[in-house]
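Number of protein chains: 2
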Amino acid sequence: MAEYSTLKVDLGDRSYPIYIGQNLLDQADILKKHIPGNSALIVTNEIVAPLYLKKVEALLDGIRFESVILPDGEQYKNLNVLNTIFDALLTHHMDRNTTIIALGGGVVGDMAGFAAASYQRGVHLIQIPTTLLSQVDSSVGGKTGVNHPLGKNMIGAFYQPRAVIADTNTLNTLDDRQLSSGLAEVIKYGLIKNANFFDWIEQNMDALLQREPKALAYAIEVSCQTKADVVAADEKESGQRALLNLGHTFGHAIETGMGYGEWLHGEAVGAGMCMAAKMSALLGWFSNEQVKKTISIMKHAKLPTTAPESMDEKQFLDLMSVDKKVLDGVLRLILLKSIGDAVVTSDYSKQQLAEAIKLAYTD
Amino acid sequence: MAEYSTLKVDLGDRSYPIYIGQNLLDQADILKKHIPGNSALIVTNEIVAPLYLKKVEALLDGIRFESVILPDGEQYKNLNVLNTIFDALLTHHMDRNTTIIALGGGVVGDMAGFAAASYQRGVHLIQIPTTLLSQVDSSVGGKTGVNHPLGKNMIGAFYQPRAVIADTNTLNTLDDRQLSSGLAEVIKYGLIKNANFFDWIEQNMDALLQREPKALAYAIEVSCQTKADVVAADEKESGQRALLNLGHTFGHAIETGMGYGEWLHGEAVGAGMCMAAKMSALLGWFSNEQVKKTISIMKHAKLPTTAPESMDEKQFLDLMSVDKKVLDGVLRLILLKSIGDAVVTSDYSKQQLAEAIKLAYTD
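Sequence order for the protein chains is H and A.
Going by the working numbering, 289 is the number at position 289 of the first sequence; the sequence numbering is gapless.
Going by the working numbering, 1111 is the number at position 111 of the second sequence; the sequence numbering is gapless.
No wet-lab data here; the hints were simulated from the structure.
Ideal Cβ placement from N, Cα and C applies to all residues, glycine included.
You may find that some hints are simply not true.
[Unchecked claim] BS3-like, lysine-lysine: derived pairs with alpha carbons at most 25 Å apart:
1. H:K293 with H:K8
2. A:K1236 with A:K1292
3. H:K236 with A:K1358
4. H:K33 with A:K1033
5. H:K236 with A:K1292
[What the hints assert, rightly or not] Now the in silico label distances, taken between C-beta atoms and shown as ranges:
6. H:D229 with A:D1347: 44 to 50 Å
7. H:A195 with A:D1087: 19 to 25 Å
8. A:D1087 with H:S310: 22 to 28 Å
9. A:D1229 with H:P36: 51 to 57 Å
10. A:D1229 with H:T345: 42 to 48 Å
11. A:S1310 with H:D87: 52 to 58 Å
12. A:N1204 with H:H92: 43 to 49 Å
13. H:L150 with A:L1011: 52 to 58 Å
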């Protein structure tokens, strides 16, 4: 039997539940009660399909369904691959009452989500995230989209799913790099909002790396709850929600600069959080000891903590200047006042940003 | 000086004004008060640019702006051409507070609108429609999108502009076919909602064809008001709003079947409304005299009234079955109870639909 807890993301008439637990993909009723029509399209990728596609298809008894298998990797998160989802929807005559089921990690979720947002101007969406990163981050909050050669996630929509089903069993098939990438986002929730959770992560890092189910479930629950609270308060990211981007402006620059897929998202964000910590110290907001704690927890989680040598400082500045957090020419950064307390700020000089980038190459 | 009236589309915190009148493109204040940031991208096409681009650029004093000129025609309303708008936005470092100004007909409005909906998950949008069709139809109501080879408007978003500016002077440069195409949608508002307006159109058709400014302004106002009322009551087309699609299911089949751009949208919708009238008569809802009046007003407006010979009946059935109004396998049609009274219905048999398609080839 499935053992799970349910969180609610509170967004008025677009509220939805997140189911977190073991053996959820053995329970047809959870999935089926969130499918309003009589058809569905499962969107997955070539890595996840052999592992879980049959399992999910078996839950759809009585529903007309088709499946699309995308190539794996951030480098395929683009308009061309998105179009293959539209091809499938139209070839199989899926109508406006169909449900798209995203089965996979963040890339699958982002693309299937944007397809659901824009096919016939919006069809139903259910997220079944199968990586730690997508369970704690991308399946909560309704951000969907694809990359453009000139910037990450530049084309997309805010679009809420009808349900998120996070089965912790799927984490057993994750490779170690993917697990660490997910831990970067878990650590992020501690850093921005919750010093106690940060301490808990430090103390339980070995259990998390050994994929101890109870530890993972707790980390996912606290992470989703934190994100759900932030999103409920600020769905379209006019204020608070930007805090969730700690480490992301710098991280996106790494992902774009190195070429999508070279660094995993969480790896880039891990290095980005170390850079944010150093810049916060430079501004006198964060102590050197807190910088050390930040770098140390990333290392413990097996995440990179420094910028890639092959990118130079100018490239970072250029790539950061096209970030979505630029407003009327001013880049707002997410920086740290202390562990558990992040702020959105443009209260820094160009020289300080340049100096922080210089410091990002070494611990 | 500009002489104009203002309508309000009432959608809560997404409400916006429609300005209708002469010389509006000589008034900087109207446009500028709806631009919240300090940058803008004008999206137009190769036909409209030589006529009005300089005029609009001249209104943007003090705002950093760039322009994108798209190829003209429905056949370019696709993801590839859409991507050239994203290229421009990113190349020119346009941020989340930028405003996209759609200057042109329905195709420009649909593409610029979808680009605004999805660039950085949503930036500001102002519509400056320059054809009768876009002034009475596509700039009101927030439908945006692009075509897919397998279906028209299959990829898009509901996204509201901050303002619509309909300058009737721009209609003086329209070619006759485009004017008639716009009149099809004007006639549609009479047919679905307002028998008096239908009579007014019949009586003033010659003035409209001669582009008499007062007649055009009145036709645009009543049309926009009708559409605004319907959209305010049903933004996402769960019920009522579907009435606006009278003639469109059949019309879209013609547009797709003939290849985008071969028939103008209003031409296809004109023939589609004649087909809907005949099918309504077949079901006993509409009299033969009303069918004749419908065909006669279309002829008066110089619109086609019959299906193209080069498409066969099976092709119509296939293309209509991928329409967005199909719900769980059932195609809902918009049919007529009388002039001024349309209904959304699936209360017909397959044979009756086939019979109506057969009748569509002759008046």
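Against the earlier hints, flag every one the structure doesn't satisfy and list their numbers going up. 1, 2, 3, 4, 5, 7, 9, 11 and 13
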